[in-house]
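Chains as they are written, first to last, in this note's numbering: chain A, 22 to 385; chain B, 22 to 385.
Any given hint might turn out to be false.
Chain copies aren't distinguished; within one or between two, either way the pair holds.
The list that follows gives simulated cross-link-like pairs (lysine-lysine, DSS-like), each with its CA atoms no further than 27 angstroms apart [stated by the list, open to error]:
1) Lys267 <-> Lys350
2) Lys31 <-> Lys214
3) Lys62 <-> Lys23
4) Lys66 <-> Lys151
5) Lys226 <-> Lys280
6) Lys293 <-> Lys42
7) Lys77 <-> Lys151
8) Lys23 <-> Lys77
9) Lys62 <-> Lys151
Hints were generated in silico from the structure; no laboratory data involved.
Residue-level listing of the chains:
Protein chains: 2
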Amino acid sequence: MKVIDSTAKKDGFRMPGEFEKHRGCYIIWPERPDNWRLGGKPAQKVFVDVATAISKFEPVTVGASSEQYANARHMLPEQVRVVEIDNDDSWVRDSGPTFVVNDEGDVRGIDWTFNAWGGLEDGLYFPWDKDDQVAQKICELEMSDRYRLPDFVLEGGSIHVDGEGTLITTEECLLSEGRNPQLSREQIEQVLKEYLNLEKVIWLKRGIYLDETNGHVDNIVNYVRPGVVALAWTDDVNDPQYEISKECYDILSNSTDAKGRKLEVHKIHVPKPILITKAESEGVDAVDGTLPREEGDRLAASYINYYTANGGVVFPLFDDPRDEEARQKLAELYPDREIIGVPAREILLGGGNIHCITQQVPLG
Amino acid sequence: MKVIDSTAKKDGFRMPGEFEKHRGCYIIWPERPDNWRLGGKPAQKVFVDVATAISKFEPVTVGASSEQYANARHMLPEQVRVVEIDNDDSWVRDSGPTFVVNDEGDVRGIDWTFNAWGGLEDGLYFPWDKDDQVAQKICELEMSDRYRLPDFVLEGGSIHVDGEGTLITTEECLLSEGRNPQLSREQIEQVLKEYLNLEKVIWLKRGIYLDETNGHVDNIVNYVRPGVVALAWTDDVNDPQYEISKECYDILSNSTDAKGRKLEVHKIHVPKPILITKAESEGVDAVDGTLPREEGDRLAASYINYYTANGGVVFPLFDDPRDEEARQKLAELYPDREIIGVPAREILLGGGNIHCITQQVPLG
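Could you put the whole structure together from the sequences, leaning on the hints where they help?
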């Protein structure tokens with residue numbers, strides 16, 4: 022498949038909203054023992070649950086390393102396709118391609134540079150060369166040509182779009198020292214506009230409290246449909262999350278999108294703080310250079326980290342009283358989709374959630 | 022994708038002839054330094070030539086190990102898709118699935134057991150576990166359900182079919198001690214008939230002289246179309262090949278196929294004997310348990326080891342006066358196909374040829 026030396030905007034391609042129709046979904050199988058406890062076994066079960074839930078709505082492909090291929094194939098249900106994709110970890114939202122489409126139904130990938138959320142500055146593991154090849158490999162599997170940006174670091178989880186010219190992101194992430202410190206905010210915005218075909222970028226300040234990705238937007242805000250967003254919220258003014266969510270709320274409420282619409286903002290409460298237990302911490306290999314998982318550390322739990330499938334929404338459950346409230350809220354926001362909750366503590370322990378471990382391929 | 026506990030015959034599937042329409046073709050990238058000289062570099066160039074030639078006619082997917090992925094992607098032309106398929110070596114004709122189709126256009130794979138051409142009896146390398154997974158992996162990539170035969174060893178190169186109920190094979194291979202010694206000839210024939218939907222098996226005695234696969238049929242006979250076969254030939258009565266080819270000729274000339282037709286047999290002369298040079302031998306890592314490549318050894322060169330593509334035939338050239346004769350003969354046999362020759366000594370040095378390194382997926 023080709024590398025195209027142009028931009029999506031020049032070629033008449035745009036990034037569709039996640040709520041638009043998909044051809045399918047990719048997931049990468051978890052295994053690294055310095056991030057997933059007990060050799061990845063508990064997380065693998067939850068990945069199976071997520072893949073199974075999404076496969077109710079659209080074709081799911083799971084990429085596994087050669088070593089884990091047979092195990093993944095045995096654990097996953099037969100309707101899920103399993104292919105080999107070697108990787109450094111399983112965050113395909115961030116390592117995978119961002120797909121763009123044109124009016125003729127063609128699909129192309131954007132192959133951003135991936136540097137493990139901050140490279141040598143504050144990245145979460147080293148090396149990350151296999152992850153940086155994941156986008157290319159998924160494009161090949163999908164027979165999609167791609168735009169490759171060898172000098173621009175971006176993760177898919179740091180952006181959300183409405184498919185109609187608007188993108189939402191956070192300064193905490195996109196202006197971080199570990200991504201593109203040589204570029205100004207305006208230059209970064211220009212790259213996004215050219216490669217995703219946008220007219221407007223809405224900049225939030227920060228993501229979820231203690232989010233190790235430097236505040237990816239996909240853990241705090243999601244686009245329900247053009248003009249409508251969901252926001253992670255807390256009413257507890259003593260929680261550091263309050264100030265962050267309030268700041269997002271104020272920015273979003275006072276923003277207009279590329280079409281001049283005011284945004285409708287729906288709050289979904291975060292669960293009560295979730296801390297890593299001693300047993301959970303001890304299940305993870307301690308390796309220099311990989312972010313440690315220490316007992317008592319607070320995890321960046323948020324219901325906003327859900328996946329929007331064809332006719333469905335798959336969202337994380339935290340065994341918290343807010344679980345049911347989140348389900349009801351999502352059911353109201355997505356009246357035409359089936360809402361499926363998956364107990365997701367094991368994904369959260371690895372540093373993300375359901376949206377982070379999925380990557381949609383739009384129908385084109 | 023599913024494993025189906027039934028047989029092709031019961032389910033109304035049949036193995037089409039290679040000359041029928043294809044969806045595409047798979048190739049596995051060569052790399053193992055104890056079989057391919059100079060770390061596989063010269064062979065890789067030839068594999069690129071073969072993939073490029075076939076891609077003129079149908080979509081080509083090359084499977085490469087994770088380690089060789091980037092190199093394969095760089096060397097192959099952009100119209101060829103590259104995916105990860107871990108492997109023990111690159112003989113996808115033998116490790117890959119045999120595809121069957123039904124009248125509704127469904128395609129399923131037969132996933133025979135692979136044991137490196139003879140297992141612990143006289144196999145060519147150890148271990149072969151990755152190769153035995155290749156068929157499953159290609160089925161997953163193609164989203165094809167499959168029949169898995171955990172107790173029946175077969176390589177795709179040991180059979181040729183006319184798609185109308187007839188299969189040709191060799192006793193040397195199928196009755197070898199290293200495949201299915203627990204089964205009688207009749208029992209082996211029964212398995213083939215059930216899984217490929219056949220009425221008739223034509224048994225040749227032996228394959229090409231010194232063929233290390235225990236005489237795979239695909240190096241000595243190919244099906245041009247139902248009722249018509251091409252046979253590797255020599256007029257040199259002092260060449261051990263003569264007696265073998267004569268024996269095949271007599272059997273084929275006196276055989277009728279499943280439809281009751283007498284076979285039309287076309288002779289294509291083998292090149293003059295090709296021997297491994299000192300330099301070629303020295304370029305291969307010597308490893309206990311892998312068949313050695315020794316100076317002066319005669320290679321099993323035959324033009325019959327060609328690939329039949331949609332509208333094309335890709336055949337091996339040996340820098341021999343017979344090259345041009347083979348091209349003319351193939352042009353006569355395939356008047357509607359473009360005939361492309363590829364210098365293939367480097368594949369031959371690895372123990373096979375163009376047919377051995379390819380596996381078609383029928384259109385269904």
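To see whether the hints hold, each was checked on the structure:
1. Lys267 <-> Lys350: Classified as within: same-chain Cα gap 19 angstroms, cross-chain 79 angstroms, threshold 27 angstroms.
2. Lys31 <-> Lys214: within (11 angstroms within a copy, 57 angstroms between copies)
3. Lys62 <-> Lys23: Between copies only: 23 angstroms across chains, 37 angstroms inside a chain, cut-off 27 angstroms.
4. Lys66 <-> Lys151: For Lys66 and Lys151, both the intra-copy (23 angstroms) and inter-copy (25 angstroms) Cα distances are at most 27 angstroms.
5. Lys226 <-> Lys280: Close inside one copy (22 angstroms), not across copies (76 angstroms); limit 27 angstroms.
6. Lys293 <-> Lys42: neither (34 angstroms within a copy, 60 angstroms between copies)
7. Lys77 <-> Lys151: neither (30 angstroms within a copy, 31 angstroms between copies)
8. Lys23 <-> Lys77: Between. Shortest inter-copy distance 16 angstroms satisfies the 27 angstroms Cα cut-off; intra-copy 32 angstroms does not.
9. Lys62 <-> Lys151: both (22 angstroms within a copy, 23 angstroms between copies)
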